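Engineer: Chain residues, written in single-letter form:
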Amino acid sequence: MNAMSKPDTPVLELRGVSKVYSVKQGLMGARKPLRAVNDVNLTLGRSEVLGLVGESGCGKSTLAKILLGLEAPTSGEVLVDGEAIGSHDRLKLARRIQPIFQDPYSSLNPRKSIAEIISLPLRVHGIGDHASQTKAVREILDVVGLPARVMNTYPSQMSGGQRQRVAIARALIMKPEIVICDEPTSALDVSVQSQILNLLGELRREFGLTYLFISHNLAVVEHLATRVAVMYLGRIVEEAETGALFDASRHPYSRALLDSVLTPEPGLGVPDTHLGAAYPNPINPPPGCAFHPRCASATAFCAARAPRPVASGDGLVECHLYDPETEMFQR
Amino acid sequence: MSDLSDPLLQEITGPTPGQLLRKRVFGHQGLIFGLAVVAILAVVAILAPVIAPHDPYAQSLVARMKPPVFLGGTWENPLGTDHLGRDYLSRLIYGARVSLMIGGIAALISGVIGTAMGVAAGYFGGKVDAVVTFLINVRLAMPVVLVALAVVAILGGSLTVVIAVLGLLLWDRFAVVMRASTLQVRGREYVAAAQAIGASTPRILLSEIMPNIVNNLIVVVTLEMAHAILLEAALSFLGLGVQPPTPSWGLMVSEGKNMMLFEPWLVLIPGAVLFVLVLAINLMGDGLRDVTAPENRS
Ligand SMILES: Nc1ncnc2c1ncn2[C@@H]1O[C@H](COP(=O)(O)OP(=O)(O)O)[C@@H](O)[C@H]1O
Ligand code: SF4
Ligand SMILES: [Mg+2]
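First to last, the sequence lines map onto chains A and B. Its first residue numbered 1, the first sequence is counted upward by one per residue in the numbering used here. Its first residue numbered 1, the second sequence is counted upward by one per residue in the numbering used here.
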């Protein structure tokens with residue numbers, strides 16, 4: 001496999017990826033650009049788990065859709081094993097990257113049996129005959145911890161956690177290298193969330209999977225992620241090793257997210273960031289540092305000029321407080 | 001961990017969607033009534049040559065306007081005879097063929113046109129949607145009855161012309177409903193999952209989207225069947241639809257209207273069966289909507 005011969009190539013790399021939607025405001029309103037993803041650079045090594053964290057609406061799912069080839073980036077490029085996504089055809093890309101979505105009530109076609117749902121990738125790619133597909137479904141069901149008898153049942157007969165296991169089985173049946181998990185536990189009962197997280201962790205070890213693990217809640221990624229990227233209004237504002245981020249986060253937004261995790265009942269719903277001011281409208285992002293209206297450390301300088309990403313440790317921070325060049329203008 | 005708290009050990013017990021549907025169908029009286037009436041009339045239409053007691057075209061000058069049995073007639077002509085002495089029951093039975101054929105074929109033609117337009121608009125959006133929406137608006141701006149009358153007046157009335165005109169006119173509701181349903185289903189994550197698997201667009205449309213909107217399609221099919229049947233009757237009544245001597249219920253009402261004051265049953269009998277058929281089709285459509293409503297599918 002070419003991937004093996006190039007161990008240093010990141011499995012997944014994003015270079016300056018942006019996505020601008022054109023949205024209509026009101027009935028007669030003119031179309032305005034909405035920067036859902038704004039110049040994102042990320043790399044994922046083999047068997048890494050990158051946690052992507054940020055409040056709802058910051059562009060996480062848009063980024064996931066770009067990685068899956070479901071949306072084309074407005075600019076920038078995505079490389080899989082060093083090759084731009086555009087040069088993979090859809091089927092080839094599908095064998096490498098598979099998604100697990102947030103809502104298991106919406107991600108399984110209610111008209112199809114569980115066996116049909118899980119075997120769809122095999123049928124689309126023409127892998128094996130009916131008998132071998134059935135066998136593969138049986139095996140993958142065992143891997144995700146479901147009994148073989150669910151094959152002839154329908155999604156409506158299953159619980160949320162069981163459905164999410166089916167979605168995981170569908171994503172893994174073609175043995176992809178990369179799995180994009182877009183909030184895979186947010187729609188589940190708290191009691192089931194940890195089971196699914198544990199399952200995803202075991203599967204990663206067993207199959208050497210690389211995950212991009214998206215969540216609006218830092219607590220969810222703590223145990224699974226090797227690295228964490230924090231996203232705000234379409235930009236990565238901090239990226240660091242998981243331990244480093246949890247021990248000593250640098251960006252004020254990361255710290256606010258961490259504080260919200262430390263409130264009494266972590267994991268329940270959208271964390272309260274205690275940031276007061278509401279999340280800004282992405283059509284009219286604040287000037288300067290987009291976080292400044294909510295930032296406790298903000299200065300007049302922050303409102304005037306946007307910070308640059310600064311390498312720090314083996315990650316990056318995007319905040320004037322950590323930029324050796326602009327720090328001196330601060331107070 | 002106790003057995004009950006582990007969801008994996010819990011039995012998967014709920015009924016399958018098929019079992020649920022069957023249960024709801026048999027619990028719905030309107031649907032059962034509608035289905036039964038339509039099924040009976042369909043059998044009657046198909047078996048018309050076997051069932052009809054007389055030739056629907058055979059005239060008899062000596063047996064004109066004989067009353068039905070319940071008005072003192074004989075069992076020779078259970079529903080009496082018309083102004084040309086043709087057996088009314090036989091004409092009614094053959095008329096069912098015309099009504100169901102027009103309703104069925106017109107709904108099929110307009111269903112294919114409207115579904116293709118609506119699904120394409122809903123799935124692809126953008127320019128395709130803009131064009132389809134424009135065509136729907138153009139079509140809605142045309143009064144169906146007037147356009148049908150004009151076309152039939154120019155081309156001359158015949159069964160084929162009536163079916164073609166109605167088929168090409170009645171697709172608007174199909175397009176509107178299928179567009180809205182597709183738009184709704186397109187946003188579901190299972191469609192994104194199929195795209196991420198690399199499934200082709202035709203496969204996604206036929207295998208992921210269609211099964212989830214086909215219930216809405218069936219409802220519109222019933223509505224448009226009833227619509228086409230009524231329009232055929234109206235056109236035939238005005239002399240611009242099916243031409244005599246073909247037996248059509250609309251034409252029978254039309255031919256009977258001159259004698260309506262003296263022999264009201266000439267109008268009431270075909271009027272009543274037309275009413276019952278349209279009512280049954282509408283009840284069937286309503287029932288289908290009830291039993292397949294999305295809230296029943298959790
Ligand atoms: N298809 C689209 N058209 C227009 N705007 C969109 C579209 N998809 C997402 N957006 C906007 O992009 C922003 C990011 O959305 P999303 O990626 O779903 O955020 P997240 O997953 O982090 O909650 C939001 O403001 C959302 O309204
Ligand atoms: S640049 Fe200024 S406003 Fe932005 S996060 Fe840093 S301190 Fe806060
Ligand atoms: Mg999202």
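A few of these clues could be false.
From the structure, some residues in chain A lie toward chain B, with a derived Cβ separation under 7 Å [claimed, not checked]: (1) SER47; (2) PHE101; (3) VAL124.
To be clear about the criterion: a stretch of chain B counts as covered by chain A if any three or more of its residues have a C-beta under 8 Å from a C-beta of chain A, and this derived list gives those stretches [stated by the list, open to error]: (4) 136 to 144; (5) 256 to 268.
Since the hints were derived computationally from the structure, they do not count as laboratory data. Keep in mind it's a predicted model, so treat the numbers as computed, not measured. Glycine residues also receive a C-beta, built at the ideal position from the N, C-alpha and C atoms.
Engineer: Evaluate each hint against the coordinates.
Structural biologist: Hints and how they fare:
Because the beta carbon of SER47/A sits about 21 Å from the nearest beta carbon in chain B, more than 7 Å, this interface hint is broken. At a threshold of 7 Å, the smallest CB-CB gap from PHE101/A to chain B is about 4 Å, leaving the interface hint in force. Nearest Cβ of chain B to the Cβ of VAL124/A: about 5 Å, under the 7 Å cut. The hint holds. Judged by the Cβ-Cβ criterion of 8 Å, the region 136 to 144 of chain B is not covered by chain A as claimed, because only 0 of its residues qualify and three are needed.
Coverage of the region 256 to 268 of chain B by chain A is violated in this model, with 0 residues showing a Cβ closer than 8 Å to a Cβ of that chain against a need of three.
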